[in-house]
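Number of protein chains: 2
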Amino acid sequence: MTTQKATNVTWHEGHVDRADRNKLLGQSGATIWFTGLPSSGKSTIAFTLEHALVERGHLAYVLDGDNIRHGLNKNLGFSPEDRNENIRRLGEVAKLFADAGVLVCTSFISPYRQDRDRARQIHADAGLPFIEVFVKASVELCETRDPKGLYKKARAGELKEFTGVSAPYEEPLNPELVLDSGELSPQQATEIVLLYLATKGLLAAKG
Amino acid sequence: MTTQKATNVTWHEGHVDRADRNKLLGQSGATIWFTGLPSSGKSTIAFTLEHALVERGHLAYVLDGDNIRHGLNKNLGFSPEDRNENIRRLGEVAKLFADAGVLVCTSFISPYRQDRDRARQIHADAGLPFIEVFVKASVELCETRDPKGLYKKARAGELKEFTGVSAPYEEPLNPELVLDSGELSPQQATEIVLLYLATKGLLAAKG
Chain A
250 MTTQKATNVT WHEGHVDRAD RNKLLGQSGA TIWFTGLPSS GKSTIAFTLE
300 HALVERGHLA YVLDGDNIRH GLNKNLGFSP EDRNENIRRL GEVAKLFADA
350 GVLVCTSFIS PYRQDRDRAR QIHADAGLPF IEVFVKASVE LCETRDPKGL
400 YKKARAGELK EFTGVSAPYE EPLNPELVLD SGELSPQQAT EIVLLYLATK
450 GLLAAKG
Chain B
250 MTTQKATNVT WHEGHVDRAD RNKLLGQSGA TIWFTGLPSS GKSTIAFTLE
300 HALVERGHLA YVLDGDNIRH GLNKNLGFSP EDRNENIRRL GEVAKLFADA
350 GVLVCTSFIS PYRQDRDRAR QIHADAGLPF IEVFVKASVE LCETRDPKGL
400 YKKARAGELK EFTGVSAPYE EPLNPELVLD SGELSPQQAT EIVLLYLATK
450 GLLAAKG
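In the order they appear, the protein sequences are chains A and B.
Under the working numbering, the first sequence has 305 at position 56, and the numbering climbs by one with no breaks.
Under the working numbering, the second sequence has 435 at position 186, and the numbering climbs by one with no breaks.
Same shape as in the complex, but just chain A (with noise of 0.2 Å):
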């Protein structure tokens, strides 16, 4: 192999340029970072914003529940300790993502503000939007979808630091968009969503 032909291949000592896979993609990498109560319809808008992207021709991907508390996360409980560490973990994870020119989606109930506004700050740092959408719902509207009976076996006592019954959830104070998932149907939300990444420049490259 040492004898091949010379190549168009540059030694390079740090990474290529956000704007270069930027241009690649199309796109400017973001986090769009969904928050909410269990069952106030975070993760339907999310996957069905991630459908909207890829077939517009946009790389998104999902970070959410199944991926991380099962993968990355699996070590941590729901404490408020692991709750913070989880989303500190998944902060620098998205941030990643939105560095490597991905439109990253995050679906957890990310309840505290201060570690929201963690991930936040650590997007700024790194020079990368971050978009806070607040899916809004009340307890009572959440309550009656429950699709996994998550409420029902928290007010019987059965689920412990259970955000919206026996733990808090602080809203956001200005988060980029508020979805009223009592209002809005899930393709109302994603079109609404889908809007303000088009408005803001996100959906083209970026120099």
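Among the clues, some could well be false.
Which copy is meant is left open, so a pair is good if it fits within one copy or across any two.
[Unchecked claim] Cross-link-like lysine to aspartate or glutamate pairs, in silico, EDC-like; alpha carbons within 20 Å at most:
1) 272 - 304
2) 323 - 334
3) 409 - 419
4) 402 - 429
If you are wondering where the hints come from, they were derived from the structure by calculation, not from laboratory data.
On the provided structure of chain A, position chain B as indicated by the hints.
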């Protein structure tokens, strides 16, 4: 906003199929896991590969000490337990990137065979390619390079648990590639990895 026109956004409850994302990108997501002694040349090859792939229209991204140790894993040190957890998290994050369709290159010493094998298993369980690349160089050669003077500090006892001096490095038994960085230039090593990826069909979308 609730009066907007009907659109072609369809409600989804789960991820985009991996094949659809690969088709969008014209490649198959995979992890290229570089392992070797400090100063063996891992990062130079990984970054050269990242540039070469992006220049050829492929989405690649390097995970290394700079973006992992200073972010996601900044709460970990260099004890054996912390090294385990460092590499465990790295394996999980690499898997997410590969799942998202990215050709992700990890550049970590990753000295323990068991840790690397666990990362391999995480990928196997997810049906994702894992390419272990052993960047081979003797301790003596690495020590003559030593751009950051780390071997020197380790020999002087100023750096504890330094791989190759005061902490073990377990060579891979069955890596997909061995690149002898005493024999190959970073360009030549990169050419070999590119050829391997092409041969394995990863530079085209898989169904």
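Hints and how they fare:
For the identical chains of this complex, residue 272 and residue 304 are neighbours both inside a copy (19 Å) and across copies (11 Å), given an alpha-carbon limit of 20 Å. For a Cα distance limit of 20 Å, the shortest separation of residue 323 from residue 334 qualifies both inside one copy, at 12 Å, and across copies, at 12 Å. Taking the shortest alpha-carbon separations for residue 409 and residue 419, only the intra-copy value of 18 Å comes in at or below 20 Å, while the best inter-copy value is 43 Å. Taking CA atoms no more than 20 Å apart as the test, residue 402 paired with residue 429 passes in neither setting, with 25 Å inside one copy and 58 Å between copies.
The structure fails hint 4 only (numbered hints given earlier).
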